[in-house]
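Engineer: Position chain B against the provided structure of chain A, taking the given hints into account.
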Amino acid sequence: MSERFRTEQGGRVDREQEIQFTFNGKPYTGLAGDTLCSALLANGVHMIGRSWKYHRPRGVMSAGAEEPNAIFQIEKGNRTIPNARGTQVELYAGLDASSVNCWPSLDFDLLSINSKFSRMMPAGFYYKTFMWPKSMWMKYEHFIRKASGLGEAPRETDPDRYEHTHRHCDVLVVGGGVAGLTAALAAGRAGARVIIADEQSEPGGLTLASKAHIDGIDALQWIENAVAELQEMPEVTLLSRSTVFGYHDYNFLTINQRLSDHLPIAARSGGREKLWQVRARQVVLATGAAERPLTFANNDRPGILLASAVSTYTNRYAVKPGKRAVVYTNNDSAYQSALDLKAAGVEVVAVVDARTDSASELANTVRSTDIQVINGSVVVDTAGHKRLRSVQVMRLSADGSTVSGNVNSMACDLLAVSGGWSPVVHLNAQSGAKPVWDEEASMFRPGETQQAQVSAGAASGRLDLAGCLAEGADAGNQAAKACCFKASMKAPQAEKVDAEATLPLWNAPSPYTRGRGPKAFIDMQNDVGVADIELAVREGFQSVEHVKRYTAMGFGTDQGKLGNINGMGVLAQTMQQSIAATGTTTYRPNYTPISFGSFAGQNLGDRLFDPVRKTAMHAWHEENGAKFEDVGQWKRPWYYPQAGESLHDAVNRECLATRESVGILDASTLGKIEVRGPDAAKFLEMIYTNNWMKLEVGKARYGFMLGEDGMVMDDGVTIRIAEDHFFMHTTTGGAAGVLAWMERWLQTEWPEMEVFLTSVTDHWATAAVVGPKSRDVVAAVCEDIDFGASAFPFMASKTGKIGDVECRVNRISFSGELAYEVNIPANYGRFMWEKLMQAGEKFKITPYGTETMHVLRAEKGYVIVGQDTDGSVTVDDLGLGWALSKTKPDFIGKRSLSRPDTVRKDRKQLVGLLTEDPMTVIPEGAQLVNDPAAAIPLPMVGHVSSSYYSACCGHSIAMALVKGGHHRMGETVYAPLSSGRVIKATITEPVFYDKEGAKPDA
Amino acid sequence: MFLIECPWCGMRDETEFSCFGEAHIARPLETEKLSDEEWADYLFMRKNPKGAHREQWLHAAGCRRYFNAERDTVSYQISATYKIGEKPPGGSRK
Chain A
39 MSERFRTEQG
49 GRVDREQEIQ
59 FTFNGKPYTG
69 LAGDTLCSAL
79 LANGVHMIGR
89 SWKYHRPRGV
99 MSAGAEEPNA
109 IFQIEKGNRT
119 IPNARGTQVE
129 LYAGLDASSV
139 NCWPSLDFDL
149 LSINSKFSRM
159 MPAGFYYKTF
169 MWPKSMWMKY
179 EHFIRKASGL
189 GEAPRETDPD
199 RYEHTHRHCD
209 VLVVGGGVAG
219 LTAALAAGRA
229 GARVIIADEQ
239 SEPGGLTLAS
249 KAHIDGIDAL
259 QWIENAVAEL
269 QEMPEVTLLS
279 RSTVFGYHDY
289 NFLTINQRLS
299 DHLPIAARSG
309 GREKLWQVRA
319 RQVVLATGAA
329 ERPLTFANND
339 RPGILLASAV
349 STYTNRYAVK
359 PGKRAVVYTN
369 NDSAYQSALD
379 LKAAGVEVVA
389 VVDARTDSAS
399 ELANTVRSTD
409 IQVINGSVVV
419 DTAGHKRLRS
429 VQVMRLSADG
439 STVSGNVNSM
449 ACDLLAVSGG
459 WSPVVHLNAQ
469 SGAKPVWDEE
479 ASMFRPGETQ
489 QAQVSAGAAS
499 GRLDLAGCLA
509 EGADAGNQAA
519 KACCFKASMK
529 APQAEKVDAE
539 ATLPLWNAPS
549 PYTRGRGPKA
559 FIDMQNDVGV
569 ADIELAVREG
579 FQSVEHVKRY
589 TAMGFGTDQG
599 KLGNINGMGV
609 LAQTMQQSIA
619 ATGTTTYRPN
629 YTPISFGSFA
639 GQNLGDRLFD
649 PVRKTAMHAW
659 HEENGAKFED
669 VGQWKRPWYY
679 PQAGESLHDA
689 VNRECLATRE
699 SVGILDASTL
709 GKIEVRGPDA
719 AKFLEMIYTN
729 NWMKLEVGKA
739 RYGFMLGEDG
749 MVMDDGVTIR
759 IAEDHFFMHT
769 TTGGAAGVLA
779 WMERWLQTEW
789 PEMEVFLTSV
799 TDHWATAAVV
809 GPKSRDVVAA
819 VCEDIDFGAS
829 AFPFMASKTG
839 KIGDVECRVN
849 RISFSGELAY
859 EVNIPANYGR
869 FMWEKLMQAG
879 EKFKITPYGT
889 ETMHVLRAEK
899 GYVIVGQDTD
909 GSVTVDDLGL
919 GWALSKTKPD
929 FIGKRSLSRP
939 DTVRKDRKQL
949 VGLLTEDPMT
959 VIPEGAQLVN
969 DPAAAIPLPM
979 VGHVSSSYYS
989 ACCGHSIAMA
999 LVKGGHHRMG
1009 ETVYAPLSSG
1019 RVIKATITEP
1029 VFYDKEGAKP
1039 DA
Chain B
9 MFLIECPWCG
19 MRDETEFSCF
29 GEAHIARPLE
39 TEKLSDEEWA
49 DYLFMRKNPK
59 GAHREQWLHA
69 AGCRRYFNAE
79 RDTVSYQISA
89 TYKIGEKPPG
99 GSRK
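Just so you know, the protein sequences line up as chains A and B, in that order.
Per the working numbering, residue 39 is the first one in the first sequence, and the count goes up by one each step.
Per the working numbering, residue 9 is the first one in the second sequence, and the count goes up by one each step.
Just chain A, with the same shape it has in the complex:
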């Protein structure tokens, strides 16, 4: 075996299966069953990366999700994963890992110079230093990003497939440690539908690293039996490599299942990840507990690991994390790590225990070996650069406030630390609970929640194996009973282990002057030390949430899983208050970082994420070279360039052709709603601002819809097809909103009205035939309609036939020209379009798109709701007061039209603008001022809402909303642009073409 730090035997690795991988380009060998970190440790590699701010060498700290240091860039190219926790990355053949935060290389890092100046980079350093002068921030930011970046986001399209699934279950068990397995067994045996999700490659949790016994058999065997039994149960789903990362309202939980990341890339098939969205009747949180580190000077050197992680590496992964170890603790559990190390053949120099006495059976077992137990002492400093060389130990005074005596320096390359245990309360807190501080046990326990949920085992603070089994069984039984199953499983039995209390040791005394000594780190990933928290308090930050944001404690990819509780302890101590009063920061989803792919699933692109809507004539537009514009989800032809034409060339040509002969526009996207029923006219009287009762059958009318605040909401033409049947047009973007709006009034306010609304936008294809020759074109296509000017007047509607297909022709105009809108069932859209094109051939009929449509309507001063209005514009502001009924007692929004704010004289009102230079087109959105030479900030009097070059007029035209504009005709305003240029313009009426309005009536 080539790995120098493998134990002789044992572990859950397969010694027959060697796996080759690379780290920073160098080849290594590991074993099947390894994680990336266990394989590196087996090769004696401790230093993994550099820290975020000071670029200090950092190594593996933990063996789980809480890992702050050992994060990697996995693979390169389109499958690259940034910031993967090496403690949770399963080793596979060919794995390519590299460090994330060192430049130019891990061994030689130029920015490690930051470490020498750490005193000059305190908490809030970036806020204090780089915000001045303001103009330089962008330049500083560039440098800071390079210096402090973590992993690199992929730049190429993700080739993998991601899936979503939705499930219901009786009991969702989170965590596959012994508590979770027991709960799942209890609920499963009762017949409940159970999902049990476990984060690791195999269930068992921390017990996978244990040598204990359950029900008289080896704990590992018991786990195997439990898993086998669960897999046999038809109603139980056991998920491995599955992290429950979000706990939402009404027991809705999200699970990220990793399907193939553990396989060599060539062997992967199917999806990469599956997102489970589970609605559970009952939830059992068996998420375990995480060990806390201890805080002392230079506590971040490679070779300093959590004691429980040391046990996991030796027992589960058969790795010796060092040759000579010291164990440093404030509680009993680390004594087991000392025994595990010794059994693995690692020399254990001493157990340093901050408690003056430790008399548990476990401690005494250690004492009976050659391991020295040093009570009442603390580690005050360490030495070593890229790897730990020694630790310095001093005696703690009786009251624990100072250290004294000689410094006992112990040579070692491994320090196993344990600062006590914290239940993993993240999901409980996400579900709406506030974690509760237990002073006696020195831990936050899960709090009360409204949701049907129970925490069991270490997650609820029961750290002993027997307790986990008992609580697991109880939780499983209770959850099943709550779902009306009979459940009575007896708890599996394990030896009772006595343990003595943990000594809280948030910020142990040190021989250094406060704030002056070497850094004692709280949050390794963000380089936040004890002194930073103390500084934040001195500078006036008191809330834990503010301290977090000022120091950056608890940010980053680990979200403070390792260091936050220690940080809250230090904060409480500094502020001389209890931890209960200090509280925790807010736990939010996601528990661990989740890939974007997982959230997206198959909701990708224009098919499933944001579907594209195409009209029935879309293919024709494509074949004829149209450029398209997105209007909501619709693709609308924007313009039809001919060879060599720019947008403006094409629009000028389309405009002139339409005004001079005939043009054709695909108007299918306009919203269409059928309004039917005996009360239809009465209903429209309330919805629209004008009169509808007396509209004749076969006639059309233009109407405004207001919000109840009196502001313009939508507009369009509505046709009376029969006494009780109206055909309403809405704006393209407003169709769905208008339907919901009208439904709301009908359902909630006027349920007595007999009116039915049906959306028919997609049922009809519509072509607008526009221009002086339009009558000839439509007459040639619908021979059965009399298009004579008096037989078929403006604002009338008739049905007829194109070939054998029924169609409806409306004589309405959004261009100021003689125009007809021809509607046909959508399936015949292209048939109709081609008939019209054919009939128009001799008039050189010109297809035009939305850009020309905009110019034509602006030449006439017709507004577009949403472009010339913005939710703060009334009909009077638009100068269209004629559309407001003076006789109707009420309509939606009417009362608001007499509110003091609505009748202000200085409201922004719609006007036209003519630029001094007729060829200059003011940019849309430009702000208008009266005097460009006034002192900055210039008082703004309005803005430009529509602006084009008009080929028909031979000059530019614009529409603008100007304060009091209706009374400023002929006055001058200026549009100062960001370039420094100022455009001068004169206020006019907003009608630029055919001011008499005779043409549509021709």
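These aren't lab readings, by the way, just hints derived from the structure by calculation.
It is possible that part of the hints are untrue.
If you want the ones that stay clear, here's a sample from chain A, every Cβ over 10 angstroms from chain B, calculated [said to hold, decoys possible]:
#, residue
1, 112
2, 143
3, 145
4, 269
5, 286
6, 400
7, 534
8, 731
9, 787
10, 825
11, 927
12, 942
13, 981
Mimicking DSS-like on lysine-lysine, the simulated pairs with C-alpha atoms at most 30 angstroms apart in a straight line are [what the hints assert, rightly or not]:
#, chain 1, residue 1, chain 2, residue 2
14, A, 932, B, 55
15, A, 732, B, 41
16, A, 943, B, 41
17, B, 91, A, 720
18, B, 91, B, 55
19, A, 924, B, 41
20, A, 534, A, 524
21, A, 932, B, 58
22, A, 424, A, 380
23, A, 732, A, 898
24, A, 665, A, 932
Pulled a few chain A residues facing chain B out of the computed Cβ check, cut under 7 angstroms [said to hold, decoys possible]:
#, residue
25, 522
26, 928
27, 933
Note that the structure is a prediction, hence the values are computed from the model and not measured.
In this text, a Cβ means the ideal position worked out from N, Cα and C, and glycines have one as well.
Structural biologist: Just chain B now, with coordinates in the frame of chain A:
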């Protein structure tokens, strides 16, 4: 994500619904007779209670029916849903 009982369709996920804010705001009958203050009260003033709150919801991606719900704004528990025109459970509350 809430689980909401549509009075017409039964229990459905929150993603199918839209919320329209405070329920039981009747449109005044003779709007022209209202003072500006009375109209502003109808138009703008909304309750924002801590605790039980009656809201109007729409089963937008379902039956497209509006209905009312009583929801606790702290615990997010929905104690009742009922059709438009039905009396809220527990009687009126100011």
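Engineer: Mind listing which of the numbered hints don't hold for this structure, in increasing order?
Structural biologist: 5, 9, 11, 21, 24 and 25
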